[in-house]
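Assemble the whole structure, with the sequences as input and the hints as a guide.
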Amino acid sequence: MTTLRNRITLALGIALTALIVQVTGPSTAADFPARPVQLMVAYPAGGSTDVAARIVAAIAEKQLGQTIVVVNRGGAGGQVGWTDMSRARPDGYYMGFINLPALNTVILDPERKAAFKADAFVPLINQVLDPGIIWIKADSPYKSLKDLLEAAKRAPNKISAATTGILSDDHLAILMAEEAYPGAIFRIVHLEGGAAQLTAILGGHIDVAFDNVGSVYRRVRTGELRALAVMDTRRSSFLPDVPTTPELGFPTVISNSTRGIAVPKGTPAPIIKKLEQVFKKAMEDPEHVKKMEEAGLALKIMVGEEYAKYYRELHAKAAKYTDWARNRPHK
Amino acid sequence: MEGLQLLLSGFAAALSLQNLLFAFAGCVLGTLIGVLPGLGPAAGTAILIPLTFHLDATGAIIMLAAIYYGAMYGGTITSVLINVPGEAASVVTCLDGYQMALQGRAGTALGIAAIGSFVGGIFAAVALAIVALPLARFALAFGPPEFFSLMFVGLCLVTGLAGQSLAAALLMTILGLLLSLVGIDPVRGAPRFTFGVPELYDGLGFVPVVMGLFGVAEILLIIETPFRRMGDIKIKGLWPSRDEWKRSSGAIGRGTVIGFLLGLIPGVGAVIPTFMAYIIEKRLSKHPERFGNGAIEGVASPETANNAYANGAMVPLLVLGVPSSPTIAILMGAFIINGLTPGPFLFQERPDLVWTVIASFFTGNVILLILNLPLVGVWAKLLKMPYQYLCAGTLLFCIMGAYSLKGTVFDVGVMLVFGVVGYFLRKLNMPLAPAVLALVLGPFMEKSLRTSLEMSAGDFSIFLTRPISATLMVFAALIIAVSAFQIAALKSIRTAESK
Numbered sequence: 062m063t064t065l066r067n068r069i070t071l072a073l074g075i076a077l078t079a080l081i082v083q084v085t086g087p088s089t090a091a092d093f094p095a096r097p098v099q100l101m102v103a104y105p106a107g108g109s110t111d112v113a114a115r116i117v118a119a120i121a122e123k124q125l126g127q128t129i130v131v132v133n134r135g136g137a138g139g140q141v142g143w144t145d146m147s148r149a150r151p152d153g154y155y156m157g158f159i160n161l162p163a164l165n166t167v168i169l170d171p172e173r174k175a176a177f178k179a180d181a182f183v184p185l186i187n188q189v190l191d192p193g194i195i196w197i198k199a200d201s202p203y204k205s206l207k208d209l210l211e212a213a214k215r216a217p218n219k220i221s222a223a224t225t226g227i228l229s230d231d232h233l234a235i236l237m238a239e240e241a242y243p244g245a246i247f248r249i250v251h252l253e254g255g256a257a258q259l260t261a262i263l264g265g266h267i268d269v270a271f272d273n274v275g276s277v278y279r280r281v282r283t284g285e286l287r288a289l290a291v292m293d294t295r296r297s298s299f300l301p302d303v304p305t306t307p308e309l310g311f312p313t314v315i316s317n318s319t320r321g322i323a324v325p326k327g328t329p330a331p332i333i334k335k336l337e338q339v340f341k342k343a344m345e346d347p348e349h350v351k352k353m354e355e356a357g358l359a360l361k362i363m364v365g366e367e368y369a370k371y372y373r374e375l376h377a378k379a380a381k382y383t384d385w386a387r388n389r390p391h392k
Numbered sequence: 044m045e046g047l048q049l050l051l052s053g054f055a056a057a058l059s060l061q062n063l064l065f066a067f068a069g070c071v072l073g074t075l076i077g078v079l080p081g082l083g084p085a086a087g088t089a090i091l092i093p094l095t096f097h098l099d100a101t102g103a104i105i106m107l108a109a110i111y112y113g114a115m116y117g118g119t120i121t122s123v124l125i126n127v128p129g130e131a132a133s134v135v136t137c138l139d140g141y142q143m144a145l146q147g148r149a150g151t152a153l154g155i156a157a158i159g160s161f162v163g164g165i166f167a168a169v170a171l172a173i174v175a176l177p178l179a180r181f182a183l184a185f186g187p188p189e190f191f192s193l194m195f196v197g198l199c200l201v202t203g204l205a206g207q208s209l210a211a212a213l214l215m216t217i218l219g220l221l222l223s224l225v226g227i228d229p230v231r232g233a234p235r236f237t238f239g240v241p242e243l244y245d246g247l248g249f250v251p252v253v254m255g256l257f258g259v260a261e262i263l264l265i266i267e268t269p270f271r272r273m274g275d276i277k278i279k280g281l282w283p284s285r286d287e288w289k290r291s292s293g294a295i296g297r298g299t300v301i302g303f304l305l306g307l308i309p310g311v312g313a314v315i316p317t318f319m320a321y322i323i324e325k326r327l328s329k330h331p332e333r334f335g336n337g338a339i340e341g342v343a344s345p346e347t348a349n350n351a352y353a354n355g356a357m358v359p360l361l362v363l364g365v366p367s368s369p370t371i372a373i374l375m376g377a378f379i380i381n382g383l384t385p386g387p388f389l390f391q392e393r394p395d396l397v398w399t400v401i402a403s404f405f406t407g408n409v410i411l412l413i414l415n416l417p418l419v420g421v422w423a424k425l426l427k428m429p430y431q432y433l434c435a436g437t438l439l440f441c442i443m444g445a446y447s448l449k450g451t452v453f454d455v456g457v458m459l460v461f462g463v464v465g466y467f468l469r470k471l472n473m474p475l476a477p478a479v480l481a482l483v484l485g486p487f488m489e490k491s492l493r494t495s496l497e498m499s500a501g502d503f504s505i506f507l508t509r510p511i512s513a514t515l516m517v518f519a520a521l522i523i524a525v526s527a528f529q530i531a532a533l534k535s536i537r538t539a540e541s542k
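Chains as they are written, first to last, in the working numbering: chain A, 62 to 392; chain B, 44 to 542.
Calculated directly from the structure, the hints in this document are not laboratory data. Even glycine gets a Cβ: it sits at the ideal position worked out from N, Cα and C. Please note that a few of the clues may not be correct.
Stated by the list, open to error - Listing some non-contacts, in silico: residues in chain A with all C-beta distances to chain B over 10 Å:
no. : residue
1   : VAL167
2   : ARG248
3   : ALA261
4   : ASP346
5   : LYS351
Said to hold, decoys possible - Which bits of chain A does chain B cover? Going by a derived footprint, with three or more residues having C-beta under 8 Å, they are:
no. : stretch
6   : 140-150
7   : 220-229
8   : 264-278
9   : 294-304
Pasting the structure below:
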């Protein structure tokens, strides 16, 4: 056992030395960035957050004058990566994507025992707003959102509705729909992501899915799936024929997932300013706009205080539904 | 037959220079892993995953799959020449392969093994191409309860088939399931067994654990055993005689069918098909006494079966997204890293990729035949390398592999700890396969169990009221009952014998 311990100690020692060498380098705002910058994505490579991050990183690094390395720290619905980010040195060399409201609910759910609070991150700029969508199998008996909600009211806790994870935006969206149509109660089934929803719904195991436009719009266009509503104030440019929830008389059922860049609390203001400008320019670049369109991701650029305000307001809204989800009689 | 048409278009892509190169590289690395003792296909594939990070998805998967079935070929060489299986699926090959080598027929043994492997691999790939699409359509009938029951059958199988003691196997299955619980609860989000260590929030890395249990533990065991130097065995006369052909052809045919069919069932593992094929040949033979004394069928059948199994085991992965062995689980990881979810929709979303990968099984098997027939002498030379260098080199590779997965030293520590754990478990004669499969299937099973219960509002009868699930559950119960009975019977025979 001693040799094993020695080996671990040695390995740890090497890692620590490397770390110390790295952090003692000079880092003042004036010469930022003097070395490559990390952009953390709290989900695995290949997911839609990752795709968007890589698109913007490739464009922004030209303006930044340093390489932007996209680092995937997936796991635990984002918690692993965000824990990492909250502990990173606030010098501008570590940025990360925050996915809202996933980040909010990770913080708000006491069971998660998150090691950080909402103010651990300073939001810089938002990139994507992917609206929520309610969809069913093409041959499902429900013709409209109202049909579905009425059925859920007549037979409470019988109609199964899939989320893409507990306390995900889709989970909160189901609660909003129930709130907007008193008496309607779904049997909520938490699945892991869009692919699992697809199998479960097309196989007829689950009745309805709550997800985001970006992950299903292609199949809605081909007619494989039928969308009942997009949960946004305006129609999605990817699905111009699908009505929005306000159009259908449910103005409070607004749900989406947003992704933007943040830095750890304590990052110097001049560095924040610089990063905001660099990413704003990159996101407005025609190449960025075109590639995001191809990826089926709707842009929504919010910079600085506007984004920070959005983050705070969403946190309060998410708090209400998180609380509600935890105290719901039908879990 | 639609499958065969799509397969042809897959060939066009698989035969591109680039993809051929990936298949070739995979075959060489795989054979190397197979030849080197201590590195099984699971640990080997895991170590080489980082190599594929910079390739496109198709290339990466072609290469990893080639490493996987390449190792199946390579394991034979050491079995025949020095009576040490290069990987577990070649254990049976030692029985007659080494005897043949002692009789000066090492070349023929290696020749028939390579030919059998080739035939088994190719026919299983054809069968895979034919059944994949219809099965992918049927796969939609599998909801979470059916998935749970299927994986439950897999665990029962691996437990029941693991060996001498059902209690020991059950213990190891439970150990594996417990290890799979470490990390954040996938539904409610509560941390479990993490002791506040953030690295554990994401669970124990499956790859470091497997590399520890198999790779590091194996190295520790090798260090203990005295080095078996390869005698001056001349490898000549690879091509079997007419009589040998006659005796092997039936064995190769049956090995193919057995291997492929067992590959379809999750949890069987690569070892069981080889034993099964061997035993069936022995039972069918008019001269069973030749088995164990250098019978060529005794080499042909298990070697064919393990390669047919390798391709058969791709079916549950591609069709259902269920990994049926640790190595396949690592392959599945490679799909996920590349943003692909194996399952029925993969055939719709990335037909190009799926069919190119399937077509690459054919090109890979041809490459392996070439690598193994004329070039077998080159591989045999590797065995002359002193063990101390091999062990040090393998250990270094394991450490690099564990570190490079996520770039954390923590995983290296996990691997070393499980290396020691694996060493003692092996010393205690505990079967490792159930623990590893339980660790692999654990998260999938938990997820489908809990989703099923969400669907039924907490009612466990959902597993018995749905026909497919109920059938699988009955099957699982039968497996446990039969294996309990068999092991008891075996024991009574042994005690009778010892008296």
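Separation of A:ASP346 from chain B, once the least beta-carbon distance is taken, above 10 Å:
24 Å, holds
Within the stretch 140-150 of chain A, is the number of residues with a Cβ closer than 8 Å to a Cβ of chain B three or more?
With 4 residues close enough to chain B, the hint holds.
Please confirm whether A:VAL167 is truly not at the interface, meaning its C-beta sits more than 10 Å away from all C-beta atoms of chain B.
A:VAL167 is in fact no farther than 10 Å from some Cβ atom of chain B, at 8 Å.
Closest CB of chain B to the CB of A:LYS351 still more than 10 Å away:
A:LYS351 is indeed farther than 10 Å from all Cβ atoms of chain B, at 21 Å.
Coverage claim, chain B over the stretch 264-278 of chain A, checked by counting residues with Cβ within 8 Å (three needed)
Since three or more residues must qualify, the claim that chain B covers the stretch 264-278 of chain A holds, with 4 doing so at under 8 Å.
Taking a Cβ-Cβ distance under 8 Å as contact, does the stretch 294-304 of chain A have three or more residues in contact with chain B?
n = 0 at 8 Å, threshold three: violated.
Decide, holds or violated, for the assertion that all CB atoms of chain B are farther than 10 Å from the CB of A:ARG248.
Violated, because the least Cβ-Cβ distance between A:ARG248 and chain B comes to about 6 Å, which does not exceed 10 Å.
Counting residues of the stretch 220-229 of chain A whose CB is closer than 8 Å to a CB in chain B, do you get three or more?
Answer holds; 3 residues pass the 8 Å Cβ test.
Decide, holds or violated, for the assertion that all CB atoms of chain B are farther than 10 Å from the CB of A:ALA261.
6 Å, violated
The structure fails hints 1, 2, 3 and 9 (numbered hints given earlier, in ascending order).
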